[in-house]
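**Q** As you go down the protein sequences, you meet chains U and V in turn. Quick note on the working numbering: the first sequence kicks off at 10 and runs consecutively. Quick note on the working numbering: the second sequence kicks off at 3 and runs consecutively.
In case anyone wonders, no lab produced these hints; they're calculated from the structure. Honestly, I wouldn't trust all of these hints.
[Claimed, not checked] A partial selection of chain U residues facing chain V, derived with a Cβ cut-off under 7 Å:
| hint | residue |
| --- | --- |
| 1 | Lys86 |
| 2 | Phe172 |
| 3 | Leu248 |
| 4 | Ala271 |
| 5 | Gly274 |
[Stated by the list, open to error] Covered stretches of chain U (chain V as the covering partner; in silico rule of three or more C-beta atoms under 8 Å from a C-beta of chain V):
| hint | region |
| --- | --- |
| 6 | 220 to 232 |
| 7 | 238 to 246 |
These numbers come from a predicted model, not from an experiment. Ideal placement from N, C-alpha and C gives every residue a C-beta, glycine not left out.
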Amino acid sequence: MPILFKKIRLYWPLIKSTQTGLLLATGIAGYLSAHFPVNIPVLIGMSISLFLAISGSTIMNMWYDHDIDAKMKRTHKRPAASGELSRQEVYYVGMAISVIGIGWALSIAPLFGAVVFAGWFFDVVVYTLWLKRRTAWSIVWGGISGAMPILAGRALAVNSIDFIGTLLALAILFWIPTHTLTFSLKFREDYSNAGIPTFPSTYGDNFTRATIAISSILAAVAIGWASVLIGLSAGYLRLIAVLTAGLLLLAFATFRVHTERANFGLFRYASFYMLISMIILAMRAF
Amino acid sequence: MKMTTLDRILLFLTGLLAAYQIVVGIDRMSTLPIAAYTIGFGVLLVAGLLLIILGFDALDSPVVVIVSTIIPLTLSLGLVWQHLASFRTVYLLFTIVSFLAVILTRSIPLQNSLPVITIAVTHGIAGMTIFLLPIILSMQGSTPPLFSLVGVGGALIGIGGLLLSFLKTGRPILSRETILKILPGLLLIMTIFFVTGFKYG
Numbered sequence: 010m011p012i013l014f015k016k017i018r019l020y021w022p023l024i025k026s027t028q029t030g031l032l033l034a035t036g037i038a039g040y041l042s043a044h045f046p047v048n049i050p051v052l053i054g055m056s057i058s059l060f061l062a063i064s065g066s067t068i069m070n071m072w073y074d075h076d077i078d079a080k081m082k083r084t085h086k087r088p089a090a091s092g093e094l095s096r097q098e099v100y101y102v103g104m105a106i107s108v109i110g111i112g113w114a115l116s117i118a119p120l121f122g123a124v125v126f127a128g129w130f131f132d133v134v135v136y137t138l139w140l141k142r143r144t145a146w147s148i149v150w151g152g153i154s155g156a157m158p159i160l161a162g163r164a165l166a167v168n169s170i171d172f173i174g175t176l177l178a179l180a181i182l183f184w185i186p187t188h189t190l191t192f193s194l195k196f197r198e199d200y201s202n203a204g205i206p207t208f209p210s211t212y213g214d215n216f217t218r219a220t221i222a223i224s225s226i227l228a229a230v231a232i233g234w235a236s237v238l239i240g241l242s243a244g245y246l247r248l249i250a251v252l253t254a255g256l257l258l259l260a261f262a263t264f265r266v267h268t269e270r271a272n273f274g275l276f277r278y279a280s281f282y283m284l285i286s287m288i289i290l291a292m293r294a295f
Numbered sequence: 003m004k005m006t007t008l009d010r011i012l013l014f015l016t017g018l019l020a021a022y023q024i025v026v027g028i029d030r031m032s033t034l035p036i037a038a039y040t041i042g043f044g045v046l047l048v049a050g051l052l053l054i055i056l057g058f059d060a061l062d063s064p065v066v067v068i069v070s071t072i073i074p075l076t077l078s079l080g081l082v083w084q085h086l087a088s089f090r091t092v093y094l095l096f097t098i099v100s101f102l103a104v105i106l107t108r109s110i111p112l113q114n115s116l117p118v119i120t121i122a123v124t125h126g127i128a129g130m131t132i133f134l135l136p137i138i139l140s141m142q143g144s145t146p147p148l149f150s151l152v153g154v155g156g157a158l159i160g161i162g163g164l165l166l167s168f169l170k171t172g173r174p175i176l177s178r179e180t181i182l183k184i185l186p187g188l189l190l191i192m193t194i195f196f197v198t199g200f201k202y203g
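Model the full assembly from the supplied sequences, consistent with the hints where possible.
**A** This is the structure in structure tokens:
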């Protein structure tokens with residue numbers, strides 16, 4: 010038993026629990042946004058399979074990137090980078106969890122499973138294995154991968170890839186650069202030491218800040234549009250509008266005030282914004 | 003001054019109450035009051051979130067004076083539009099003109115006391131409107147007695163707005179530390195009075 014607890018304690022940091030939790034929340038929100046009567050067993054199955062698939066892809070990322078994680082101050086204590094876990098063990102755990110998660114998702118519904126698999130494939134193969142060390146634009150594929158959980162949740166509910174699902178996925182796709190690009194500005198030395206091409210190192214800070222602001226605006230537009238099409242009540246639309254106005258003002262502020270603090274403020278607000286938006290979309294079901 | 007966990011909790015609760023008011027508290031009103039209250043409580047919500055995210059340093063921004071004017075102006079406009087039909091146009095004009103005046107006097111460097119007078123007049127009229135109108139209407143029996151709680155909220159927002167504005171203009175009524183210490187609690191109590199007054203009034 011103590012060995013099991015020790016393993017869990019070591020494996021837990023492999024899944025980046027906050028990021029995985031937020032992506033899982035988007036998947037649940039996507040499912041509940043369809044406002045069909047909620048099927049609790051399906052919702053639970055969807056949540057667990059999605060959690061496993063997202064966790065699996067994150068662990069595979071940790072497995073492949075253990076060498077560059079070891080070179081970065083922010084990540085050098087991760088179990089695979091620090092050597093607490095062997096690379097082989099991380100690979101087997103990642104693959105096992107991925108296979109269980111994707112297999113479970115496919116057994117719930119083929120379309121849902123296919124979208125979940127697409128998210129895993131874009132993250133592990135396209136983003137991590139292929140592009141991350143080659144081009145700063147790899148974040149687009151990271152974004153597409155991050156957009157798959159909400160699309161999968163929506164697809165499970167409506168049994169198709171509909172326009173609303175696509176808008177929701179676009180909202181996540183455009184939100185992710187506020188996260189990754191803010192980190193690439195804040196931890197530029199780390200990325201430079203690891204030899205990872207980033208927007209700041211390739212195109213400069215101003216272009217990066219402009220990209221963050223524009224992608225925040227596009228994320229807000231996509232969420233707002235989807236909210237109207239979903240049929241949120243006037244009250245919830247007002248709330249989304251207010252929060253969106255806050256996001257837009259902050260995005261414009263980053264054009265004028267070129268500080269890390271302004272960028273980090275926008276990044277944190279955008280994360281709040283996305284979480285609250287997901288809760289609002291999910292509440293439509295009840 | 004560092005923000006404590008209690009400050010963050012108080013601000014979060016303020017934001018939740020403001021969000022509740024925006025979603026369900028102002029339904030069944032006409033368009034202009036809905037828009038005015040949405041802006042007023044929306045500014046409160048977003049400002050609360052930004053304070054949680056950035057800490058009290060966010061108050062150092064020059065836009066704080068302008069933002070802290072929006073809340074009393076929009077809330078008072080909503081009240082006047084709902085309850086004083088004959089003053090609608092006049093008060094709408096006052097709202098627009100005084101808001102523009104605050105923006106102008108804060109944007110152009112002026113050595114005289116015009117910026118302070120502009121803020122004092124704007125907060126004074128808007129604050130007194132939110133404070134007195136609900137209480138008078140309740141006393142007259144035009145609205146249920148609990149609507150007077152909106153007036154209490156108005157008094158508190160007037161105090162908060164003046165404290166912040168005079169702090170920003172360099173003539174603080176209380177020390178910065180004292181203002182920051184009471185601000186999260188003041189915002190929460192004020193919002194509780196507003197939400198309760200609107201719901202049961």
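**Q** Determine for every hint whether it applies to the structure shown.
**A** Hints versus structure:
Checking Lys86 of chain U against chain V by beta carbon gives a least distance of about 26 Å; that is not within 7 Å, so the hint is violated. Proximity of Phe172 of chain U to chain V is violated relative to the hint, the smallest CB-CB distance being about 25 Å (cut-off 7 Å). At its closest, the beta carbon of Leu248 of chain U sits 5 Å from a beta carbon of chain V; the interface hint therefore holds under the 7 Å criterion. Against a cut-off of 7 Å between C-beta atoms, the interface hint on Ala271 of chain U is violated, since the closest Cβ of chain V lies about 9 Å away.
For the restraint placing Gly274 of chain U at the interface with chain V, the shortest Cβ-Cβ distance is roughly 5 Å, inside the 7 Å limit, so the hint holds. Counting residues of the region 220 to 232 of chain U whose C-beta lies closer than 8 Å to any C-beta of chain V gives 0; at least three are required, and the coverage claim is violated. Counting residues of the region 238 to 246 of chain U whose C-beta sits closer than 8 Å to any C-beta of chain V gives 4, which meets the bar of three, so the coverage hint holds.
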